[in-house]
Amino acid sequence: MTLLDAASAALLCAGALFFLAGTVGLLRFPDVHSRLHALTKVDNLGLGLLVAGLALQADSAPVVAKLVLVWLLALAAAATAAFLVASHARRGDE
Amino acid sequence: MQALALGLALFLVLTLALGLVRVVRGPTHADSMLAAQLFGTTGVGILLLLAEAMAMPALRDAALVLALLAVLAVVAFVRRDTP
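Protein sequence lines correspond, in order, to chains V and H. FYI, this note's numbering numbers position 42 of the first sequence as 42, with every residue one higher than the one before it. FYI, this note's numbering numbers position 2 of the second sequence as 102, with every residue one higher than the one before it.
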């Protein structure tokens, strides 16, 4: 196993741990807003670590570019969804 | 390396299944909708891992589409559930 493989494996495992943390947060946190916080931040950090780990093994630059593109789109999507759900939940409280 | 990617994909599926508990518990519609967001992000991660493990580059395109559709589901929910 080369150093690159080891770094990639470490990044992938760290990413999976962040996904687990996001799910635990979704189950354990007390209200919608803190659950949103767990989901949209921790899960996207985990996805970023996965993308970094996979990019280390990618064959060519276009593949890396596509992986990064997927992550950026997921970030934008999470930000939008978090904003919409949070404002919806806040209207429900009033 | 492929075994690791496959194993991690399986692990992510298990965390997804765990997240389904929140759909059942609720208590509000927004809480259940959060699980859709979880499916979006985790699903993208699973697809990227599978693309690497099974040498199927097309799955990366599927991941791109899933990331987009997950947010559309949330938008549709907010539009419909708002009084």
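Careful: at least some of the hints might be erroneous.
Claimed, not checked - Which residues of chain V face chain H? A partial, calculated answer using Cβ under 8 angstroms:
no., residue
1, N44
2, L45
3, L47
Claimed, not checked - With a straight-line cut-off of 25 angstroms between C-alpha atoms, the simulated DMTMM-like cross-links for lysine to aspartate or glutamate are:
no., chain 1, residue 1, chain 2, residue 2
4, V, K41, H, D131
5, V, K41, H, D161
6, V, K41, V, D31
As the list claims (entries may be wrong) - Across the chosen pairs, the derived CB separations fall in these ranges:
no., chain 1, residue 1, chain 2, residue 2, range
7, V, R91, H, M154, 41 to 51 angstroms
8, H, Q102, V, F83, 35 to 45 angstroms
9, V, T2, H, A162, 40 to 50 angstroms
10, V, F83, H, G126, 13 to 23 angstroms
11, H, A173, V, R90, 19 to 29 angstroms
12, H, R179, V, A10, 20 to 30 angstroms
13, H, V175, V, A6, 35 to 45 angstroms
14, H, A176, V, L27, 21 to 31 angstroms
15, H, T128, V, A7, 17 to 27 angstroms
16, V, K41, H, L169, 36 to 46 angstroms
17, V, K41, H, L110, 20 to 30 angstroms
18, H, S132, V, K41, 18 to 28 angstroms
19, V, K41, H, A173, 15 to 25 angstroms
Keep in mind that the hints were calculated from the coordinates and are not lab data. For each residue, glycine too, the CB sits at the ideal point set by N, CA and C.
Comparing the hints with the structure gives:
1. Restraint check, N44 of chain V versus chain H: the minimum CB separation of about 6 angstroms is within 8 angstroms; hint holds.
2. Proximity of L45 of chain V to chain H is violated relative to the hint, the smallest CB-CB distance being about 10 angstroms (cut-off 8 angstroms).
3. Of the supplied interface hints, the one on L47 of chain V holds, with its beta-carbon coming within about 5 angstroms of a beta-carbon of chain H, less than 8 angstroms.
4. Between the alpha carbons of K41 of chain V and D131 of chain H the distance comes to roughly 16 angstroms, so the proposed pair stays at or under 25 angstroms and holds.
5. Distance check on the hinted pair: K41 of chain V and D161 of chain H sit about 23 angstroms apart at the alpha-carbon level, within 25 angstroms; holds.
6. Taking the CA atoms of K41 of chain V and D31 of chain V, the gap is near 16 angstroms; set against the 25 angstroms cutoff, the hint holds.
7. In this structure the hint that R91 of chain V and M154 of chain H lie 41 to 51 angstroms apart at CB holds, the actual value being about 44 angstroms.
8. In this structure the hint that Q102 of chain H and F83 of chain V lie 35 to 45 angstroms apart at CB holds, the actual value being about 38 angstroms.
9. Checking the proposed 40 to 50 angstroms range against T2 of chain V and A162 of chain H shows it is violated: the Cβ atoms sit about 29 angstroms from each other.
10. For F83 of chain V and G126 of chain H, the hinted distance range of 13 to 23 angstroms is satisfied, since their beta carbons lie about 22 angstroms from each other.
11. Judged by the Cβ atoms, the range 19 to 29 angstroms given for A173 of chain H and R90 of chain V holds: they are separated by roughly 20 angstroms.
12. Taking 20 to 30 angstroms as the suggested C-beta distance range, the pair R179 of chain H and A10 of chain V does not conform, at roughly 42 angstroms.
13. The beta-carbon spacing between V175 of chain H and A6 of chain V, approximately 41 angstroms, falls within the hinted interval of 35 to 45 angstroms.
14. Between A176 of chain H and L27 of chain V the C-beta distance comes to about 25 angstroms, which sits within the given range of 21 to 31 angstroms.
15. Between T128 of chain H and A7 of chain V, the C-beta spacing of about 42 angstroms breaks the proposed range 17 to 27 angstroms.
16. Here the CB-CB span from K41 of chain V to L169 of chain H is close to 21 angstroms, at odds with the stated 36 to 46 angstroms.
17. Judged by the Cβ atoms, the range 20 to 30 angstroms given for K41 of chain V and L110 of chain H holds: they are separated by roughly 24 angstroms.
18. For S132 of chain H and K41 of chain V, the Cβ-Cβ distance of about 20 angstroms falls inside the hinted range of 18 to 28 angstroms, so the restraint holds.
19. Take K41 of chain V and A173 of chain H: their Cβ atoms lie about 20 angstroms apart, and the range 15 to 25 angstroms holds.
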